Amino acid sequence: MNIKSLSLVNFKNYNSLDVSFSDKINCFTGNNGAGKTNILDAIYYLSFSKSFFSSIDGLNIKHGQDLFVIQGSYIIKDAEENIYCGYEKGKKKKVKRNKKEYERLADHIGLIPLVMITPSDISLIIGGSDERRKFVDGIISQYNRNYLYDLQRYNKALLQRNYLLKEAAKTKSNNDDVIEIYDQQLIETGNRIFEERKKFTDEIIPVFQKYFEHISMGYEKVQLNYSSSLYDKGMKVLLEESKAKDKIARTTTEGIHKDDLELLLGEYLIRKLGSQGQQKSYLIALKLAQFEYIQKICGFKPILLLDDVFDKLDSSRVEQIIELVSQRSFGQIFITDTNSNRINKVLNSVNDNYFHFNVDNAQLTKVYETD
Amino acid sequence: MSPVIIYSMDISQLPSRLLENAVNEFSKLPGIGKKTALRLVLHMLNQPTEDALSFANALIQMKEEVKLCVKCNNITEEELCSICSSNVRDESLICVVESIKELIAIESTSQYKGLYHILGGRISPMDGIGPRDLNVDSLEDRVVNNVVAEVILALSTTMEGETTSFYIFRRLEKHKVPLSTLARGISIGDELEYTDEITLGRSLLNRMPYHGK
Ligand SMILES: [Zn+2]
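Chains as they are written, first to last, in my numbering: chain A, 28 to 398; chain B, 789 to 1001.
Hints were generated in silico from the structure; no laboratory data involved.
Note that the structure is a prediction, hence the values are computed from the model and not measured.
A hint or two may mislead.
[Unchecked claim] Looking from chain B toward chain A, a few residues come up when the C-beta cut is under 10 Å (computed):
(1) Gly908
(2) Gly909
(3) Ile911
(4) Met947
(5) Thr951
(6) Phe954
(7) Gly989
(8) Leu992
(9) Asn994
Ideal placement from N, C-alpha and C gives every residue a C-beta, glycine not left out.
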């Protein structure tokens, strides 16, 4: 699967753009603010019907204009597919597949699998545990609606239960009979969520190890664990045992909402000890494991977007990453970088076809194309 | 009265205190803002006196004479509502609904011949509605003091609806009364391929025997 061409109207800093892509590697170099990342975001839009960066569609319209249009022509399972995404101020966003508008945007998600890595993703490595739960939940629920439904029910029940715990403390009254109803819902959904998260992490951990070792050329020892108190006890026992503690804390202290991914470098948490280069390598290995997981589920290779990922990485790691993603196991790739020399050097060593574009003030110039 | 005055009138400075009172009362209604209230009041002012009186009387009479059925909390002018006092309805069936709106919806299907029990809401502590704010005690009394063959829980499939169903289940389980809930599944006339996975999965789990129709 790949995107053959993209056209933009009034999207971010582009007035209009028509560009064709290589089915393998596409590089965009140029200064910050030139519009490299906006091309990647447009491709992201066509997969997820929203921007990677902002959930407000209006912010993506070119300044002073009233609407934007993104169109992409794809080859999916040997058939040509045209995807349209348009937004006009004050109107409903429209997503069309081969000129037919979707009734529900959710129905489009999953047609064009895509994995994007940007510098802001580093919060997955160095941020709080909620970032890592969001990562795991986002991937599983994209292909498992039952999981998403359980997650929504768990979170709602959790809010109600925490509210009841606070009320009981404030009014010094007993509302155990109502708390028990929500316990029941947390038990039912919590156990299932744990099982799905375990299944998912069991699958991506060895893949992650493989990629990290490749990027760091085997010099560093890493370990990724799914940590959850549900390993030892079911949700029912956990809630029973922590009831007294919950009443004092006025909140639910145990459950799958406390799960985390433990990211270790040697024996230490990477967010506390790792260098920027190590943290970035960790992030890239994790995202590539996500890539492989999605590929396995949908049966073909997602599009891979690498936005400015080489910054702060030493040249050997950059070469390892390029070598890795240009292998057969990855499909179409889009790379942005401010450093044109760095890209040229690594591309020269790659035996694969690629397009190299220079981006300057929302103008694209193809500077190189392999034949 | 010239329309120019109506549109340029400052609502905070009405020419009459009585007019202001009426506007305030109207604007207490759900979905009615001050501007709409003023428009309605000016309309009433322009109506013949007898029309305005019959409007006011309808409200007073409704408020004074409409009560809630002592058995099921349905709206009635008597002690018992027309459903509870009917002698053609099956008294051993109780259908539990959130409000009168759901009762009306079920009645319009003409498929149900039992009695009702209106809860008066659904449990959501964060919105200030706990189980004690609902008519669950009276439901339990009905189950204990009557011969009840089945209690049908006809609540929404939202989280709040399910919570409420579960609470009622907890309250009634010791009385050994058979409980049932509305079937969840594919809507009539729906294309299978467009049905969402949750509904489709549920429908498959709760599939039923087929005898040719
Ligand atoms: Zn009644």
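Now the hints, each set against the structure:
{"no.": "1", "hint": "Gly908", "result": "violated, 17 Å"}
{"no.": "2", "hint": "Gly909", "result": "violated, 14 Å"}
{"no.": "3", "hint": "Ile911", "result": "holds, 7 Å"}
{"no.": "4", "hint": "Met947", "result": "holds, 5 Å"}
{"no.": "5", "hint": "Thr951", "result": "holds, 6 Å"}
{"no.": "6", "hint": "Phe954", "result": "holds, 5 Å"}
{"no.": "7", "hint": "Gly989", "result": "holds, 6 Å"}
{"no.": "8", "hint": "Leu992", "result": "violated, 12 Å"}
{"no.": "9", "hint": "Asn994", "result": "violated, 15 Å"}
Violated hints for the displayed structure, listed by number in ascending order: 1, 2, 8 and 9.
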